[in-house]
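Colleague: As given, the protein sequences belong to chains A and B, one line each in that order.
For the first sequence, the working numbering puts the final residue at 202, and the numbers step up evenly by one.
For the second sequence, the working numbering puts the final residue at 112, and the numbers step up evenly by one.
Some hints here could point you the wrong way.
Here are the computed lysine-lysine pairs in the DSS-like style, where the Cα-Cα straight-line distance is at most 27 Å [unchecked claim]:
#, chain 1, residue 1, chain 2, residue 2
1, B, Lys10, A, Lys135
2, B, Lys58, A, Lys135
3, A, Lys162, A, Lys150
4, A, Lys135, A, Lys162
5, A, Lys135, B, Lys72
6, A, Lys151, A, Lys135
7, A, Lys162, A, Lys151
8, B, Lys72, B, Lys15
9, B, Lys15, B, Lys58
These aren't lab readings, by the way, just hints derived from the structure by calculation.
Here are the chains, one letter per residue:
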Amino acid sequence: ILNVEQSPQSLHVQEGDSTNFTCSFPSSNFYALHWYRWETAKSPEALFVMTLNGDEKKKGRISATLNTKEGYSYLYIKGSQPEDSATYLCARTGNQFYFGTGTSLTVIP
Amino acid sequence: NAGVTQTPKFRVLKTGQSMTLLCAQDMNHEYMYWYRQDPGMGLRLIHYSVGEGTTAKGEVPDGYNVSRLKKQNFLLGLESAAPSQTSVYFCAGGRSSYEQYFGPGTRLTVT
C-alpha cells in the first residue's frame, strides 16, 4: 500500500480568502498525481493530472504544483467562493490509484 | 453519451443475501474500477479491470467478486453480504491508467 496523506483534514475560510492544501505521497515508482473535486452527494470530478517534477497546472482560480522528488503536491485556490466548498482528493498512480482521505473545504459567505 | 452509470442507486440487504452491482460505460473505457467509500477512510479500491475479460484485486477485495465479460460493463458481486460491507460504492472508468471518470455511486446498507 502506497500511503497518500492530505492535510489539513478540514478547512473553513471566508469568502475571498486564498487557501492551499497539501498532498504527500511516497516518491518511489511514481507515475502521476491526480487532484479531484468532490461535492457532497455527487461523484468525484477530475481537476488535474500531473506527471513531471515541477509541473504546474491551472484551471481558473485553482492551481496545483508537483514535487516528485520530495513527494508532495499543493493545491491552491485564489479568492475562494462558496461554490468552491467541496472535498478535494488527491490520488497517486502506480499500477493503480491510491487516494488520500481528502481535505474538506467550507467557504463561508 | 451517458458516461459512467451505476445500478442500483440504493439497496438494503440482509446479512447473508447476495447481490450484484452493475457499472456500465459508453465511453470506450479500457480501465474500470470499483471503490468503496467509508467515513474517514477515503476511496479504497476493491477490484479493477484493464480490459475485457481481465480483473485484478485492489486494496480490499475480500468478500467481493467481479466480472468484465463485456468491455462496457463491470459487475461487482457480494455473495454473502455482511454489515461491514455497508458503504457507498463508486465505479470509475478511464481510457488509460491516467484518467478516471466516476459514476454516481451506490449506497448499500447491510442489516
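Colleague: Against each hint, give a clear statement of whether it holds in the structure.
Modeller: To see whether the hints hold, each was checked on the structure:
no., hint, verdict
1, B/Lys10 x A/Lys135, "holds, 12 Å"
2, B/Lys58 x A/Lys135, "holds, 26 Å"
3, A/Lys162 x A/Lys150, "holds, 18 Å"
4, A/Lys135 x A/Lys162, "violated, 34 Å"
5, A/Lys135 x B/Lys72, "holds, 25 Å"
6, A/Lys151 x A/Lys135, "holds, 23 Å"
7, A/Lys162 x A/Lys151, "holds, 21 Å"
8, B/Lys72 x B/Lys15, "violated, 31 Å"
9, B/Lys15 x B/Lys58, "holds, 25 Å"
Hint compliance for this structure: hints 4, 8 are broken, all remaining hints hold.
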